[in-house]
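J.: One-letter residues, chain by chain:
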Amino acid sequence: MRFRATIEHVPTFFRIVQAIEKLQRRFLIKFTEANMHIICNSDANEGGIQVWSQIKLDSIFTNYRIQSNANNEITMVLPSEALLAALKSASSSSPTSSFETEEVVMRLAKKNDQALLSFEISGLTRVGRKVRVAHDVKIEVMKPGDVEKLSEPLCPEPDVHILLPPLQKLRTIVERLRPMSDILAVRANNNKCLQLSIHTEGVKVETEWKDCVNPKTQEDNPDQPPEEARNPEELFTVLVSIRSFLKFLNSHVVSTTTIACICQHHCMILYVYIGDVADAGGVLTFYIPAIIDDEGR
Amino acid sequence: MQATLDSSSLKPFTKALICLSKYGDELSIYATPERLSLSATNSSKSAYCRIKYEKDFFTRYRVADHQEGRNDWTSDNAENITLTGQLLTKSLLSILKHRTIEKAVERCELSIVEGGAGNGQDGPESKLIMKLHCKHGIVKTHRLLLLTPTSLMAPGAPNNSNESRLTIGPKALKDMIEHFPVSKGIKSDPQLVWSFGNNDVALKSLESSIDSRGKGQLSTELTISAEEFEVYTIDEPPTTIAFHLREFNATIAYADTMSLGMELRFTDPAAPLFIDVEGDCSEALFVISTSQVSSAGASASSHRRNVNTKKREREETLGKATKIKRPMRVVQPSLAMERDQPIANPEPRSCVPSSAVCQEFRQTDMPPPSSFPGHSSFMEKAHEPLFLPSSSQLSAADEAVLRASGLEVGTMDELTEMLEGEGEEVTFGFTSQPPDFGERRGCQGNAEERFEIIDETELEATQSSYDSSKVWATQFPADIMHDQNCTSDVPTSV
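One line per chain: the protein sequences are V and S, in this order.
Per my numbering, the first sequence starts with residue 1, numbered consecutively.
Per my numbering, the second sequence starts with residue 1001, numbered consecutively.
One thing to keep in mind: the hints can contain errors.
Unchecked claim - Interface residues of chain V toward chain S, partial, derived using beta-carbon atoms under 10 Å:
| hint | residue |
| --- | --- |
| 1 | Lys22 |
| 2 | Arg26 |
| 3 | Leu116 |
| 4 | Ile121 |
| 5 | Val133 |
| 6 | His135 |
| 7 | Asp136 |
| 8 | Lys138 |
In short, the hints are calculated from the structure, not lab data.
As the structure is a computational prediction, the values presented were derived from the model and not from experiment.
All C-beta atoms in this analysis are idealised placements derived from N, C-alpha and C, irrespective of residue type, glycine included.
With the hints as constraints, model all of the structure from the sequences given.
T.: Right, dumping it as structure tokens:
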């Protein structure tokens, strides 16, 4: 089992980890020959939120080498905080430090029977002298058998796809709603409308966005007016845990475009694009199961 | 005592108090006609901070309390007047750190009103009165109760003969330490091991088992050229010392806000680290105890032991030879000092007209303005105290604490062992990288055999649950895999 890569875009990697750090104390990364998959699938997650992502190697790494008996795939369990700390030290973008990173090499290592993901950083100090920093993050390499058991949640055909407003803006609103309710209703229709609302005994708050884009899926026939299939004004609702929605909104640090899919009364799927949609370096897919609550419907 | 600060000097004064508050809760004030010094010691007596202000720092400064005219002796021998007091740093800071203070205050008057032990008009307590003259003629007056310090204490003077000396700017130091993540808990106080070699300085995080879960997952090592230091004089390179970061970071922050350079002095792994930060009218001394890299380092050193090369072993014995002796030498001068130094036995009043104390300071060149309950010790090097206990020797309870600290060194053999372990772990820490490669390669080969080939199913399948239902721009074409395929045969560790 061999694994080594130069981290070319440290800030991107850092922000991806930052986006999911709050979700799980330990999470999985599956490295394949083409992609890096970040997986958070713990049952104990807030509101059952999960993340399944696929990130192109090119968008982060160069000199990527991987070799294993398990189809050249390596799946590891990493402590998110430690990984984040290592990447933070590697990124020269920190505003308080004038440390300049020259090269960051990540490799799989083993010391004293402990598997490590080691980061070797060579950089320059503010006066241009060389500094070498090495971080060893303790990891666990998963057995192929266990990897096989990982499975992504299944969901039916989404009722609606809609482009979300900038997540930062959503976040300010949802943060205001959080003290008032534990459950957030997300509604959207096929006519550019998105609503976030809470409804409790004491308060009812509704925020509506018009002019959100409904992206075309490839199955859609552009000639066919969508009304024929469905009434575009019909709102599809899903109730989710407001805390888990906020966890998803942590990904605002990395997102450019986010598409939300609603499977009415079943779940919500959020695709957070890293980089431009057309040339996305990857996508973080958040899955938030619906809370089934008759009153809220 | 009366001291007046204008708005420009209030800011550094507040910064100094912030730094002092990081060292300890209790602030000791020691005023002489020439200077005012403020000091603090942490609860375990392993760190000490003292900031002295020349009287020029203040727009007005006098110790003698003529106006009050209560103490007759003040006018008689004004040169020898000293004044001590003690209060919670927090209580001063809560006044000064208020957000409106910085903008609004034009002048700050500090005065100490002595409690009338003999002529108690104001009650028996001394008070620190802080008068803030703000804009629009607003005057805020705070009266703080001043406690009576029970004893005076000073850090032992460093032994100059084998002293290592470093000078560095706070920013450069901050840049180095920033690479070592600090877990968010208030309790967390990581320790760093510094190895000063001939040309390089290596810093290494020292994990102890009591760390929060997150932090034990990461170990960090930094190597930097010795040129980063403006002055770099190491007595006997390589030298390794280890100390906690909490107080050190407070010192860096203070030096940074004051834009002053830092001078670090240390002797042995067991002797404390001295840091001087000198400004125009201020002079700050920080003393931080260093610790043996022993119990906590043992687990880490077992990593290393497997990968030792012959070269390293040779160097170790070299280091060992020098290190067995040196800590022993350090103990003695400071113990001797303890005996020689007249112990300041302050009177149970806040105002101490003690010329004896002053003399003593001159003698040691270490004015000890601070005062603490008599027992003090630090776990270094058997029972060597960092601060000289002024009124009593270690109590039985203290010894028990020491023992509990796990650093107890009973016999010479144990000490030797301990030091040996330390030298191995830290001094040559970074040189272990190359042999490590070989080790790792071997290990990985083994590890690899444990894994069986499996079919690449899972992730494809998971993503395809969306793939099949919706094929749209969010999904990535599988063909990006192909460019990378060729690389997989190349060995990774070269």
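J.: All hints, please: hold or fail.
T.: These are the hints, each one checked on the structure:
{"no.": "1", "hint": "Lys22", "verdict": "12 Å, violated"}
{"no.": "2", "hint": "Arg26", "verdict": "9 Å, holds"}
{"no.": "3", "hint": "Leu116", "verdict": "9 Å, holds"}
{"no.": "4", "hint": "Ile121", "verdict": "8 Å, holds"}
{"no.": "5", "hint": "Val133", "verdict": "5 Å, holds"}
{"no.": "6", "hint": "His135", "verdict": "5 Å, holds"}
{"no.": "7", "hint": "Asp136", "verdict": "5 Å, holds"}
{"no.": "8", "hint": "Lys138", "verdict": "5 Å, holds"}
When held up to the earlier numbered hints, the structure conflicts with hint 1 and nothing else.
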